[in-house]
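Asker: Given these sequences and hints, build the entire structure.
There are 4 protein chains.
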Amino acid sequence: MPMPTMTLSISCPDQRGLVAKLAQFVYRYNGNIVHADHHTDAVAGIFLSRLEWELEGFEIPRDQIAATFINYAQQEKVFASWQGVRWQLRASDIPYRLAIWVSRQDHCLWDLLLRQRSGDLFAEIPLIISNHEHLRPIAEQFGIDFHYIPVTPETKPLAEAKELQLLKDYQIDLVVLAKYMQVLSPEFIAAFPQVINIHHSFLPAFAGANPYHRAYARGVKIIGATAHYATADLDEGPIIEQAVVPVSHRDTVADLIRKGKDLERVVLARAVRLHVQNRILVYGNRTVVFA
Amino acid sequence: MPMPTMTLSISCPDQRGLVAKLAQFVYRYNGNIVHADHHTDAVAGIFLSRLEWELEGFEIPRDQIAATFINYAQQEKVFASWQGVRWQLRASDIPYRLAIWVSRQDHCLWDLLLRQRSGDLFAEIPLIISNHEHLRPIAEQFGIDFHYIPVTPETKPLAEAKELQLLKDYQIDLVVLAKYMQVLSPEFIAAFPQVINIHHSFLPAFAGANPYHRAYARGVKIIGATAHYATADLDEGPIIEQAVVPVSHRDTVADLIRKGKDLERVVLARAVRLHVQNRILVYGNRTVVFA
Amino acid sequence: MPMPTMTLSISCPDQRGLVAKLAQFVYRYNGNIVHADHHTDAVAGIFLSRLEWELEGFEIPRDQIAATFINYAQQEKVFASWQGVRWQLRASDIPYRLAIWVSRQDHCLWDLLLRQRSGDLFAEIPLIISNHEHLRPIAEQFGIDFHYIPVTPETKPLAEAKELQLLKDYQIDLVVLAKYMQVLSPEFIAAFPQVINIHHSFLPAFAGANPYHRAYARGVKIIGATAHYATADLDEGPIIEQAVVPVSHRDTVADLIRKGKDLERVVLARAVRLHVQNRILVYGNRTVVFA
Amino acid sequence: MPMPTMTLSISCPDQRGLVAKLAQFVYRYNGNIVHADHHTDAVAGIFLSRLEWELEGFEIPRDQIAATFINYAQQEKVFASWQGVRWQLRASDIPYRLAIWVSRQDHCLWDLLLRQRSGDLFAEIPLIISNHEHLRPIAEQFGIDFHYIPVTPETKPLAEAKELQLLKDYQIDLVVLAKYMQVLSPEFIAAFPQVINIHHSFLPAFAGANPYHRAYARGVKIIGATAHYATADLDEGPIIEQAVVPVSHRDTVADLIRKGKDLERVVLARAVRLHVQNRILVYGNRTVVFA
Chain A
1 MPMPTMTLSI SCPDQRGLVA KLAQFVYRYN GNIVHADHHT DAVAGIFLSR LEWELEGFEI
61 PRDQIAATFI NYAQQEKVFA SWQGVRWQLR ASDIPYRLAI WVSRQDHCLW DLLLRQRSGD
121 LFAEIPLIIS NHEHLRPIAE QFGIDFHYIP VTPETKPLAE AKELQLLKDY QIDLVVLAKY
181 MQVLSPEFIA AFPQVINIHH SFLPAFAGAN PYHRAYARGV KIIGATAHYA TADLDEGPII
241 EQAVVPVSHR DTVADLIRKG KDLERVVLAR AVRLHVQNRI LVYGNRTVVF A
Chain X
1 MPMPTMTLSI SCPDQRGLVA KLAQFVYRYN GNIVHADHHT DAVAGIFLSR LEWELEGFEI
61 PRDQIAATFI NYAQQEKVFA SWQGVRWQLR ASDIPYRLAI WVSRQDHCLW DLLLRQRSGD
121 LFAEIPLIIS NHEHLRPIAE QFGIDFHYIP VTPETKPLAE AKELQLLKDY QIDLVVLAKY
181 MQVLSPEFIA AFPQVINIHH SFLPAFAGAN PYHRAYARGV KIIGATAHYA TADLDEGPII
241 EQAVVPVSHR DTVADLIRKG KDLERVVLAR AVRLHVQNRI LVYGNRTVVF A
Chain Y
1 MPMPTMTLSI SCPDQRGLVA KLAQFVYRYN GNIVHADHHT DAVAGIFLSR LEWELEGFEI
61 PRDQIAATFI NYAQQEKVFA SWQGVRWQLR ASDIPYRLAI WVSRQDHCLW DLLLRQRSGD
121 LFAEIPLIIS NHEHLRPIAE QFGIDFHYIP VTPETKPLAE AKELQLLKDY QIDLVVLAKY
181 MQVLSPEFIA AFPQVINIHH SFLPAFAGAN PYHRAYARGV KIIGATAHYA TADLDEGPII
241 EQAVVPVSHR DTVADLIRKG KDLERVVLAR AVRLHVQNRI LVYGNRTVVF A
Chain D
1 MPMPTMTLSI SCPDQRGLVA KLAQFVYRYN GNIVHADHHT DAVAGIFLSR LEWELEGFEI
61 PRDQIAATFI NYAQQEKVFA SWQGVRWQLR ASDIPYRLAI WVSRQDHCLW DLLLRQRSGD
121 LFAEIPLIIS NHEHLRPIAE QFGIDFHYIP VTPETKPLAE AKELQLLKDY QIDLVVLAKY
181 MQVLSPEFIA AFPQVINIHH SFLPAFAGAN PYHRAYARGV KIIGATAHYA TADLDEGPII
241 EQAVVPVSHR DTVADLIRKG KDLERVVLAR AVRLHVQNRI LVYGNRTVVF A
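Chains as they are written, first to last, in full-length UniProt numbering: chain A, 1 to 291; chain X, 1 to 291; chain Y, 1 to 291; chain D, 1 to 291.
Note that these hints are calculated values from the structure, not bench results.
In silico negatives: residues of chain A with every beta carbon more than 10 angstroms from chain D:
| id | residue |
| --- | --- |
| 1 | Asp63 |
| 2 | His147 |
| 3 | Asp169 |
| 4 | His213 |
Below 20 angstroms or equal to it, Euclidean Cα-Cα: the simulated SDA-like pairs (lysine to any residue) are:
| id | chain 1 | residue 1 | chain 2 | residue 2 |
| --- | --- | --- | --- | --- |
| 5 | D | Lys261 | X | Leu274 |
| 6 | X | Lys21 | Y | Val34 |
| 7 | X | Lys21 | Y | Arg28 |
| 8 | Y | Lys162 | Y | Ala191 |
| 9 | D | Lys168 | D | Ile149 |
| 10 | A | Lys21 | D | Gly17 |
| 11 | A | Lys162 | A | Asp145 |
| 12 | Y | Lys77 | X | Arg28 |
| 13 | D | Lys77 | A | Asn32 |
| 14 | A | Lys261 | A | Val245 |
| 15 | Y | Lys21 | X | Glu54 |
| 16 | X | Lys21 | Y | Phe69 |
| 17 | X | Lys77 | Y | Asn30 |
| 18 | D | Lys21 | A | Glu54 |
| 19 | X | Lys259 | D | Asp120 |
| 20 | X | Lys259 | X | Arg270 |
| 21 | A | Lys162 | A | His147 |
| 22 | D | Lys259 | X | Asn278 |
| 23 | X | Lys261 | D | Asp120 |
| 24 | D | Lys261 | X | Phe122 |
| 25 | A | Lys261 | A | Arg104 |
| 26 | Y | Lys259 | A | Val245 |
| 27 | Y | Lys261 | A | Ser118 |
| 28 | D | Lys162 | D | Pro193 |
| 29 | X | Lys259 | D | Leu274 |
| 30 | X | Lys261 | D | Ser118 |
| 31 | X | Lys259 | D | Ser118 |
| 32 | X | Lys21 | Y | Gln75 |
| 33 | X | Lys21 | Y | Gly17 |
| 34 | A | Lys21 | D | Phe79 |
| 35 | Y | Lys259 | A | Phe122 |
| 36 | X | Lys259 | D | Leu114 |
| 37 | A | Lys162 | A | Arg136 |
| 38 | A | Lys168 | A | Pro186 |
| 39 | Y | Lys259 | Y | Ala207 |
| 40 | A | Lys259 | A | Ser248 |
Note that beta-carbon positions come from the ideal geometry of N, C-alpha and C, so glycine has one too.
Answerer: Following this line, the structure appears as structure tokens:
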């Protein structure tokens with residue numbers, strides 16, 4: 001385990017002096033910056049920044065950093081106003097708590113669980129939710145609570161209410177849809193927006209159902225997978241990560257599905273890792289990924 | 001220049017014995033096969049084959065190979081019937097004659113001309129057509145006839161008639177739309193179907209106009225380019241070749257366009273090369289590429 | 001499970017008529033070819049072919065196909081002589097039997113076991129051998145025999161004798177070195193040459209030990225992984241498959257190792273799958289991969 | 001042309017406050033930062049930074065920025081000492097002046113010239129040097145001075161002296177070895193270290209001569225190209241950019257060479273573009289590329 005760090009993520013309207021003032025906050029209290037990333041979207045007039053510094057030697061106790069930052073920002077007029085400012089502080093040694101949602105396919109589930117166990121993914125996974133009983137044995141093997149919540153058009157509101165309660169009970173920070181073949185309602189997303197989905201195509205190509213069949217029918221020479229934040233508009237959320245693999249006339253639909261699985265695993269795992277390291281900033285329908 | 005070869009390309013309804021009988025034709029007349037590729041689309045029930053053999057030592061004179069093959073196929077019952085059989089014979093030392101069509105962007109034109117001149121693309125390029133005068137100097141530098149044919153909705157039928165006449169006059173085998181930002185009419189395609197287009201997206205994503213602007217708006221992490229045969233349905237023709245490049249939040253629309261140019265050049269050049277080597281077989285809306 | 005097929009793989013000195021005569025063997029007995037691949041290495045004068053046809057409807061019983069082929073080859077003079085002819089017949093419904101060898105890293109082992117269990121890798125895995133006890137629990141979970149065989153310079157000959165005996169006892173067709181961090185002796189390879197290794201670099205770069213550390217030290221912008229057949233010369237065997245991933249100045253050695261694992265998994269799995277589908281032909285130090 | 005900017009590149013021993021103090025310099029004089037990139041190599045204890053801000057509105061005249069920065073750094077104790085500090089200021093509207101060195105191959109030369117002319121590469125190219133007369137016509141077409149300087153072991157010192165004089169006369173900032181198949185002496189590199197070379201392999205694989213032939217002999221499944229700064233040790237300099245392309249058993253040495261050319265063009269062009277945008281910082285044998 002490397003030394004614990006604090007990460008400050010900010011997006012706000014662009015103005016002069018932001019890099020200097022934000023870094024000055026860390027320096028004033030003797031913080032040692034290990035990563036500093038900034039991006040300005042000149043078209044949108046938005047500034048995005050991620051500062052990561054070592055907690056060791058930093059002169060503000062953890063539980064007072066947020067209050068101190070607010071004071072500092074006001075005194076130093078870091079922001080012209082707090083209008084449009086979004087910010088977050090996260091310590092690197094407090095793991096994100098993930099709920100993984102699955103249907104019947106297990107390859108992304110296995111992948112995330114094994115990465116977590118090997119230490120490549122620093123997170124806690126206390127909860128698995130599924131609309132099938134199928135993958136319960138995997139949850140049991142890893143000692144993770146498994147909740148079977150079937151969904152029909154009629155029971156969906158009730159099911160989602162139950163799911164939201166579970167996310168609350170388990171103090172979940174992030175839902176990972178690891179081939180959960182159900183659409184979440186706009187109400188759910190509004191109540192719990194921290195949801196990463198893996199879509200088995202290089203969006204926006206083949207948004208919607210059966211992308212591999214449609215990729216085959218179209219005769220493409222490349223297939224892909226896309227990890228994105230779920231939004232009320234299906235397959236339209238901010239894209240985090242994409243990857244592709246070449247295919248040829250020799251590949252049947254079954255081959256596309258098989259090759260696609262390797263993409264899905266890696267793309268989803270990368271997106272989740274980026275999220276729990278606070279490397280993704282979202283604005284509008286876009287992401288800034290400070291990889 | 002390697003030894004000249006003959007290439008027989010065939011697509012037909014699948015049946016037993018096709019590989020044996022087609023190869024036997026070459027062997028009977030003492031041909032030395034240098035490449036033999038076959039593919040069966042089990043779903044569609046179609047067999048596709050490409051045989052390439054050295055002309056040296058082959059016992060049939062060039063101008064009688066087609067007739068001899070027809071006789072052989074009938075005697076040996078190679079095909080259950082000629083219904084659905086499409087075949088072609090091409091000698092490798094007779095270059096394809098290409099017409100390159102452009103608008104104002106020159107990067108694909110330069111690329112093709114330089115490849116042709118260096119010997120990496122074995123073809124003749126006697127004709128460049130454009131709806132702008134802009135690129136005439138490049139044509140002149142390479143000693144290629146340049147025809148300026150402006151197109152408006154009103155003049156389009158007349159323009160296409162003129163273009164078809166030019167293709168006939170110059171004995172063109174293949175039209176390469178090297179960033180020719182105009183749509184060809186279904187009538188044109190029907191009259192001259194051998195047309196390769198480069199589309200600046202990984203189709204079917206961002207079919208239609210302004211793909212780079214739309215890719216930027218969507219916030220994708222990968223952009224692509226697609227070479228395909230032009231058909232009456234815009235951007236829906238059989239895909240030959242695709243390639244992609246990663247992009248990030250740092251890339252503006254201008255960066256996507258710049259990065260995309262490198263893809264367009266390479267993807268179009270590969271597709272044209274595959275075509276003039278008779279490595280592409282089309283059936284339905286699909287291609288088999290014996291690369 | 002698709003319909004069972006027979007695969008005939010051949011490499012031999014090149015001569016006229018091979019494609020025709022080999023395909024004719026299948027056709028004579030009413031076989032329906034589903035894949036036919038050929039390659040001629042003009043420099044080496046070697047012809048390589050892989051024919052796959054459906055067993056259903058084929059008029060020779062399975063256990064007589066080999067003998068019938070030998071007769072056919074002699075009668076039809078398929079080969080000028082049997083000198084230099086290597087051939088193999090394999091039915092698709094008889095699974096390869098794999099032994100997986102590991103040390104302490106488990107990511108490739110998990111990957112292969114899960115692919116096997118999901119049906120993406122058609123093979124039996126009755127045996128795991130390791131020079132550490134570390135991964136025994138995984139073997140037990142999957143109900144696979146686990147043999148712990150420690151290796152020191154002194155015990156190596158004895159250990160290899162024990163290993164060879166195990167391969168014989170378990171009727172192993174293929175050894176997969178899934179991050180087995182030990183070198184096999186030339187004697188072992190001579191006795192059992194069917195061994196696939198995964199090397200964690202894009203060979204021949206960083207052959208030998210600690211490739212990720214050396215890749216970091218060299219400051220490369222791309223890292224890779226290589227699956228190859230093990231030979232007496234370390235890291236010099238015929239390459240089957242390679243893949244790469246970009247890295248940057250932000251990546252530490254630990255990041256290279258983590259990113260490399262994803263490559264190792266996929267590259268090794270692809271190579272093993274190609275092998276058990278008889279898609280790899282080796283000649284000299286090269287492979288022909290009919291993917 | 002976008003608004004002109006100033007770029008400050010710095011590498012120095014790491015210490016607290018660097019991000020804040022460097023950004024504060026820009027802010028104090030009302031500069032609007034458009035890009036701010038930092039990297040800390042924790043192992044080497046080195047901090048690297050690139051700040052780019054708009055010149056419009058910046059309150060220091062161009063010709064006084066360097067002096068003002070030195071004063072600021074001393075007053076604010078930005079650096080513990082000037083020992084180990086390397087820094088550079090470049091305005092974006094003053095083009096780098098490139099000399100392109102070639103032998104007989106023209107593909108990289110054409111590529112760079114066309115990119116420069118299209119505006120994708122903002123630079124001046126007043127000088128082409130070659131050890132052959134072969135490519136003089138291209139230089140003439142673009143109106144660029146061409147100097148033919150043959151090199152033999154005996155004449156090399158004299159040739160390099162002449163070359164150094166030319167670089168001085170033409171006020172060259174950067175030498176681009178665009179397939180210049182000659183090794184530069186350590187003395188030359190010491191006198192003029194700003195030299196980018198393109199090597200036709202994914203270094204460190206196949207360093208030295210004839211990489212494509214050796215890649216073929218080794219039977220690799222991927223080939224690559226590497227752009228790096230030239231150093232006294234052949235093919236050992238800091239790597240800037242690498243790219244790869246898959247190859248197969250079907251590819252002859254000629255195919256590798258042809259496919260490699262596409263890599264060489266793109267990789268060299270990217271490296272040169274990164275350099276003239278001051279996006280590359282070198283320390284030890286490594287590069288940080290703020291792409």
